[in-house]
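Chains as they are written, first to last, in our numbering: chain A, 1 to 364; chain B, 365 to 728.
None of these hints come from the bench; they were simulated from the model. Incorrect hints may appear among the rest.
Label-pair ranges, simulated between beta-carbon atoms [stated by the list, open to error]:
no., chain 1, residue 1, chain 2, residue 2, range
1, A, L348, B, T377, 37 to 45 angstroms
2, A, E88, B, F694, 44 to 52 angstroms
3, B, S679, A, R350, 32 to 40 angstroms
4, B, E675, A, N66, 45 to 53 angstroms
5, A, S57, B, A665, 50 to 58 angstroms
6, B, F694, A, E319, 43 to 51 angstroms
7, A, D337, B, P607, 36 to 44 angstroms
8, A, G56, B, P430, 44 to 52 angstroms
Beta carbons: idealized from backbone N, C-alpha and C, even for Gly.
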Amino acid sequence: MQAPATERESFSTATEGVIDADIHNDLPSRETLLTYLPARWRRHHELMSGRSGRPGSYYPRSITGNARTDSWPPSGLPPGADLPFLREQLLDRYNIGCGILNPFVGIGGHQDIEYGAALARAANDWLIAEWLDPEPRLRASIVVQYEDGELAAEEIDRVGEHPGFVQVLILSRTCEPLGRRKYWKIYEAAERHGLPIGIHFGGTGSGPITSVGWASYYIEDHVGASQVMQSQLISLVCEGIFERFPGLRVALIEGGFAWLPPLMWRLDRAWEKLCEEVPLVRRAPSEYIREHVRLTTQPMEEPTNPRHFLKALEHMGSEDLLMFATDYPHWDFDAPDLAFPIRLPEVLQRKILVENARAFYRLP
Amino acid sequence: MAMTDRPTWAPLTTGVIDCDIHPSMHSVEVLVPYLAEHWRAYIRVSAFKGPVVTSYPRNMPTSAQPSTKPPSGGPPGSDPKVVCQQTLDALNATYGILNCDYAVQTVHNPDFSAALASAVNDWLSAEWLTRDSRLRASLVVSTQHPDLAVREIERVGDLSGFVQVYLPVHSSIPYGNRYYWPIYEAASRHDLAIGIHFGGAAGHPFTPVGWPSYYIEEYVGMAQAFQTQLVSLVCEGVFDQFPTLRVALIESGFTWLPSLMWRLDKDWKALRREVPWVRMLPSEYIREHVRLTIQPQDAPAEPRWLIETIEELGSDELLMFSTDHPHWHFETHEEAIPQGLSDAVRQRVLVENARAFYRLQTVD
């Protein structure tokens with residue numbers, strides 16, 4: 001990874017505790033963003049009653065609100081919407097020195113591009129006012145309308161220098177593979193501001209949720225997160241994104257990680273034979289991946305034989321790739337003290353819990 | 365390199381079974397004698413040249429080992445004598461399984477698709493299976509309407525030489541869906557395996573996030589399609605519904621399987637209420653019912669990691685030897701099978717696993 005152009009401005013005291021690379025805060029209600037929207041879009045918001053995404057791709061979750069049953073705050077707000085409760089239940093309880101907010105507010109893949117961009121602006125102003133300003137341990141991903149590169153880049157330029165924003169958020173089910181040209185303006189802007197791209201599982205895409213048609217069950221949707229991430233990573237590498245944007249860093253969030261070694265092997269072998277088709281890919285795909293890409297750990301891989309967990313880490317070929325995440329307040333939450341299926345060497349554990357994310361997000 | 369210059373294989377062992385050999389045809393003219401007059405006229409008038417797929421671009425190095433081109437002309441794989449020499453004779457093999465990737469499933473006209481499937485099977489039977497007693501074959505079916513596939517399985521399923529029903533991995537609906545169950549019922553009735561093979565084109569984008577730009581993405585991404593199909597077969601309860609069903613994943617790669625089983629097992633523990641018919645750990649169903657062929661190996665640079673990955677499969681019964689002739693995955697026979705396997709495991713991979721799976725007789 002290239003050295004940071006400028007160290008990001010210190011936003012809190014040096015990180016001591018765990019870094020949680022995936023926290024989902026939420027809006028208290030659909031109306032919350034109204035106060036952050038200009039009148040023209042306020043009227044539109046009311047008119048559309050929250051219509052967003054592409055219908056037909058929803059699988060009922062296993063649990064109400066997709067959240068831990070104990071994560072409903074006493075205030076009556078939805079899980080993740082109550083900052084004092086989040087502080088208590090997550091940051092204080094687990095000694096989280098820094099947590100990165102990835103708000104799921106149904107904006108990124110909006111069909112109405114202009115409306116989506118207006119909502120993204122409102123969401124980022126809401127993040128600054130109600131989360132980043134009051135809680136120095138929190139950072140956030142910039143919400144963008146990612147299906148339009150130019151509008152997304154405008155928003156990155158608008159808020160990208162705010163010290164609380166450390167990443168640009170894209171949900172993994174996009175309309176086209178993320179290496180495609182339509183997304184390049186986003187990478188250009190992210191690189192300009194020294195921000196990584198965070199690709200988080202979710203989104204509604206533009207077709208079936210798998211490459212072989214519509215699945216029947218949520219369990220397929222959920223396991224399928226890893227196939228989606230693999231497809232995006234293949235696209236980023238094969239389109240030469242890391243040659244075109246040499247300063248770009250990418251985090252793959254909540255898509256698993258044990259699939260990475262075999263994918264790197266397959267990509268490298270295919271590249272040896274097929275590289276003539278993609279001359280911009282000058283080095284073995286695994287080299288780009290180890291240099292530019294990081295993955296979050298939740299949901300933690302749990303091999304039947306826990307020793308295989310250590311093998312999976314070894315097969316990554318680098319100790320720098322994984323960043324711990326809780327996914328609070330979702331049902332498949334990982335606690336830093338319980339999630340690892342086997343005891344790790346201390347240095348490696350500290351890298352995963354703290355150091356890798358600190359370097360990647362350039363945290364103090 | 366001329367065919368006769370191809371290095372002879374040092375004998376791997378006696379009784380090798382090659383589970384993936386690709387017969388091909390010069391043109392649709394080869395099938396014409398096996399078609400009714402109505403379809404002959406249809407082919408003449410429409411100038412139909414054959415199903416349109418992009419799975420094997422003619423000049424891509426993975427598509428054909430240079431020495432496999434028959435001296436008589438025609439595409440690699442089109443001359444049974446050359447194919448048998450280069451695979452069965454060279455390997456001193458007892459059996460070879462023919463997988464014809466003629467993609468009748470991509471022909472939208474269901475009756476034409478079914479007629480082509482029948483013609484392919486009659487051609488396989490007349491011009492391949494009768495020519496060499498070591499050959500076995502997968503029967504080709506159209507999948508647009510499973511009743512048409514069932515009709516074809518009934519027609520040829522008991523003919524000598526057919527051991528499997530061929531399904532391309534790119535389907536329009538995931539293969540676990542009950543839409544396809546009549547096919548599995550018929551396969552079970554005739555004691556045929558299901559062989560899901562690399563390739564196909566069902567009209568969906570080749571990734572869950574839209575159409576990729578490059579063939580290398582399609583090639584590498586085929587592994588994610590296999591993963592999705594396996595998840596679907598397990599989660600839809602196919603292996604309880606058809607307890608004797610055997611499924612081979614062919615030209616799928618296999619190094620991705622351990623991490624997929626970990627993720628699927630973990631999600632099943634949390635989400636099995638949604639799929640109560642899945643009574644055991646998904647990995648248990650997979651080890652019981654599913655086998656994978658060994659090309660391409662997608663081998664890591666560090667050979668030990670491949671052996672460790674094979675150990676992580678949790679069973680030495682899952683892998684079946686294949687050359688994937690005429691596709692190009694290895695240079696010498698030493699590369700055709702992972703180095704470092706114990707003699708017992710090697711013997712299973714080369715011989716025993718396929719013999720048991722395809723119920724083949726021992727040959728003295």
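Taking the hints in turn, this is what the structure says about them:
| no. | hint | result |
| --- | --- | --- |
| 1 | A:L348 to B:T377: 37 to 45 angstroms | 41 angstroms, holds |
| 2 | A:E88 to B:F694: 44 to 52 angstroms | 59 angstroms, violated |
| 3 | B:S679 to A:R350: 32 to 40 angstroms | 36 angstroms, holds |
| 4 | B:E675 to A:N66: 45 to 53 angstroms | 36 angstroms, violated |
| 5 | A:S57 to B:A665: 50 to 58 angstroms | 39 angstroms, violated |
| 6 | B:F694 to A:E319: 43 to 51 angstroms | 32 angstroms, violated |
| 7 | A:D337 to B:P607: 36 to 44 angstroms | 42 angstroms, holds |
| 8 | A:G56 to B:P430: 44 to 52 angstroms | 47 angstroms, holds |
Hint compliance for this structure: hints 2, 4, 5 and 6 are not met, and every other hint is.
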